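Asks: For the sequence shown, UniProt numbering gives the first residue as 1, with consecutive numbering after it.
FYI, nobody ran anything at the bench for these hints, they're computed from the structure.
Errors might be hidden in some of the hints.
Stated by the list, open to error - Calculated lysine-lysine pairs in the BS3-like style (CA-CA distance at most 27 Å, straight line):
#, residue 1, residue 2
1, Lys40, Lys203
2, Lys140, Lys176
3, Lys140, Lys40
4, Lys40, Lys53
5, Lys197, Lys40
6, Lys176, Lys158
7, Lys211, Lys197
8, Lys53, Lys140
9, Lys158, Lys147
10, Lys197, Lys147
11, Lys176, Lys211
12, Lys211, Lys140
13, Lys140, Lys197
Keep in mind it's a predicted model, so treat the numbers as computed, not measured.
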Amino acid sequence: MGLLVGDCVEGIANISAVMILHRLDKKKDRVEISPEQVLKAAAEAERLTIELKRPMRVLGWYHSHPHITVCPSHVDIRTQANYQTLDRNFVGLIFSVFSENKDSKEQEISLICFQSHDGDSVEIQLEIVYTPELTDICLKTMTDIPKILVQEEEDATKACRNHPDILATIHNNAVKTRALLHITDIITRPLVVTFEKRIALNKLRVAHLRKQILELQQLCKS
1 MGLLVGDCVE GIANISAVMI LHRLDKKKDR VEISPEQVLK AAAEAERLTI
51 ELKRPMRVLG WYHSHPHITV CPSHVDIRTQ ANYQTLDRNF VGLIFSVFSE
101 NKDSKEQEIS LICFQSHDGD SVEIQLEIVY TPELTDICLK TMTDIPKILV
151 QEEEDATKAC RNHPDILATI HNNAVKTRAL LHITDIITRP LVVTFEKRIA
201 LNKLRVAHLR KQILELQQLC KS
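Let the sequences and hints guide you as you build the complete structure.
Replies: In structure tokens form, the structure reads like this:
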């Protein structure tokens, strides 16, 4: 779950960055964002305005629907309506993940962009623009994911610290360790593999470009 940062030109929202937020409640039907996190996202948008040299602001939010469809729930529609009272161009993104195709048994990922209107959801046209390079902003966001998940686990176990029952303490520590290992296995390790492959690809590109430079230099000399 998080907020979308970008700019809006002639009614078209251009999303350039995302800000991943700490979940206040991990219940399946809760997508709450605290005012403090919204203010933090606004401050990040101001920083990006200076860095990217174009006006940036918070213009949407996103969250996922694990194992269910992308259709917005009544909670999603109500939350979106509240945001639209502050900004009529505010949009919501929902990702349906870990859904299995009944015929092929393959995992499917679906995405929808929506707004609220008269108590119902209205789908908004969405276009994903390909970019050949990963910006520093995107790289930082990707590496922030495991950090945020780990911090959520740390926050969740604060109330269990210094428990008088030693067996309860052992159990709580085991649950926390299992959660941290799950984050490492599902998030951190795939990220490391992805970045290693990216580095290898970049090295091949550098070698190819250097070869082309040498060939051009030889042509110039001849």
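Asks: All the hints need checking, so say for each whether the structure fits it.
Replies: Results of checking the hints against the structure:
The suggested pairing of Lys40 with Lys203 is violated, with an alpha-carbon distance near 37 Å, which exceeds 27 Å. In summary, the hint linking Lys140 to Lys176 is supported, as the alpha carbons are separated by about 25 Å, within the 27 Å threshold. A distance of roughly 16 Å separates the Cα atoms of Lys140 and Lys40; the hinted pair therefore holds under the 27 Å criterion. Proximity of Lys40 to Lys53 is assessed by CA-CA distance (about 20 Å); at most 27 Å being required, the pair is judged to hold.
Between the alpha carbons of Lys197 and Lys40 the distance comes to roughly 33 Å, so the proposed pair goes past 27 Å and is violated. Between Lys176 and Lys158 the alpha-carbon distance is near 11 Å, which keeps this suggested pair within the 27 Å criterion. For the hint pairing Lys211 with Lys197, the CA-to-CA distance comes to about 21 Å; that is within 27 Å, so the pair holds. As the CA atoms of Lys53 and Lys140 are separated by approximately 19 Å, the hinted pair is consistent with the 27 Å bound.
Of the pairs offered as hints, the one joining Lys158 and Lys147 holds, with about 17 Å between alpha carbons and a cut-off of 27 Å not exceeded. Restraint check: the Cα-Cα separation between Lys197 and Lys147 comes to about 22 Å, which is no more than 27 Å; the hinted pair holds. Taking the CA atoms of Lys176 and Lys211, the gap is about 51 Å. The hint is violated against a cut of 27 Å. Simply put, Lys211 and Lys140 have alpha-carbon atoms about 32 Å apart, too far for the 27 Å limit, and the pair is violated.
For the suggested pair Lys140 and Lys197, the alpha carbons sit about 17 Å apart, so the restraint of at most 27 Å is met.
Against the hints set out earlier in the document, violations occur for numbers 1, 5, 11, 12.
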